[in-house]
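**Q** As given, the protein sequences belong to chains X and F, one line each in that order. For the first sequence, position 59 (counting from the first letter as 1) is numbered 59 according to our numbering, and the numbering increases by one without interruption. The number in our numbering is simply the position in the second sequence, starting from 1, with 292 added.
Hints were generated in silico from the structure; no laboratory data involved. Each residue gets a CB set at the ideal place from its N, CA and C atoms; glycine is no exception.
Which chain F residues face chain X? A few, computed with CB under 7 Å, are given here:
(1) 326
(2) 417
(3) 458
These are the residues of each chain, in order.
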Amino acid sequence: MPEAREFWRWKEYNWKTPDFDWKDATLITAGVDVGSVSSQAVIMCDGKLYAFSNMRTGSDSPNSALNAMKWALEGTGMTLTDIHCKVGTGYGRINVPFSDRAITEIACHARGANYMFGPTLRTIMDMGGQDCKAIRCDENGKVVSFLMNDKCAAGTGRGMEAFAELLGVSIEEVGELSLQVEEEPPPVSNTCVVFAKTEAAGLLRSGWSREKVLAAYCSAMAHRVASLLNRIGMKEDFAITGGIAKNVGVVSRLEKELGVKALKTNYDMQIAGALGASIFAKDLAEKAIRNK
Amino acid sequence: MMITAGIDVGNKNTRALILKDREVISRSLVLSDFDHKKAALYSYELALSKAHMNKEDVNFIMATGAGQEEVTFANGRITEVGSAARGAVFLFSSTRTVIDVGAEESRAIKIDEKGKVLDFAINEKCAAGTGSFVESMSRALEITLEEMGALSLKGEKSVPMNAQCAVFAESEVVSLIHARIPVENIAKSIHEAMASRISSMVRRIGIQKEVLLIGGTAYNKGFIAAMEEDLELKLIVPADYPEFISAFGAALVAADKAGGK
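If we strip away everything but chain X, and leave its shape as in the complex, we get (with noise of 0.2 Å):
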């Protein structure tokens, strides 16, 4: 395999609104998700969405949080210190050391999710790189209930990297090429994202083309993620968040399995945990205001 490419990498990238400069904002304030795989970082003025970044997480939880941030600042010729408060969530949320407070991703997700879908969302399922998440919200965007698959990592982003990586399919293009085939296989027996590379290694041996190894693999996840919805209890609206809310193949699966269809949004989905952040943020800065 002399293919230097890697498949599993996708495309970093920051984003700053057009619509307004924040020289004009009174209050300004961030929110940064470190995740286990990726993370980003959001900037909003007067409680609208103004830069954002996504990257992955490095070894060092300090230095990506900060790496993150500096990259959503790129070209906007704000610093750090014209922020007014700062937010950290996601699984290295303790390790942002330019924060003001810590806040769990669990509400941080709900309140960014409520932000880009409206208020009329009541479930969401976050599917990150390691774990999945899926919880209910009321109109404000506060949690009502939620479950957590964090004891085991089958079946989430990792896994689909490492699938794409063998099978040399790019980690955006997985989606569409796993609905490229005629008739549907029955999903793969879901081991640890450990094995992952071996399964989808003795699929392709057994004669399946790649186009079926990743329907397997994207209707597994489907699968694993429709049983904590059905647990939790699905109520609609219904929006699905982070890196795999961006893959077809999972999403259309998943809709079909629920016999719901999941709201659209022109926000990144990768950023509402940041982007709830932030908002957090704007709430802690307006109480601090009010208490002067």
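Use these hints to put chain F onto chain X, whose structure you have.
**A** Frame of chain X; chain F shown alone:
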């Protein structure tokens, strides 16, 4: 003179072993990689050349292991459980329980004095109870497996590991490093966590002495110590080549099939 071969195609490594009248004359180990067919053939040819033999000299070939179907040139096949039991009782006749911990699978096998399999349990779904668990932990600690085994023997106090999953345990180990827990103690805890998972699988089939540990993990001193402590008994551990017991068992069965007594 009877020449037989056993080929054991594992998920990680492939082993070939040549017997001359039930005495080992050569062994080889290669990476299984993607193409198990190729790995099987390559390991076989390597073992033959080490033994200064040709394919025509071999009377019978038995294949075993996860990739046994890929050994197209074999004369017969035997399950990993069967070959491990056969090899175990031949080398250590007092063995009644075999614990085989490979890279991506672990097995507990209960056998009688003839090496007949009475019961067994297998874990091939979860890395937490296999060799890959300690491998990924040693990567997280940035030390070799050998170093980790040796260090763990110096560990004085273990820290409880919360994560069941190998993927989550890796993150947990990183946080333990950040919390400045001595690396010896982390290594000890890792081996204890793995041992407790494998012991509970062994307990399911019932433990009968003597207990033999085979597979690549039998090289790991820290794991052996943790297993002995958990099971509260002394394990038999092959002095050398613990990962070749299944290939050896397969070659023995090949000798039985070839008809020589």
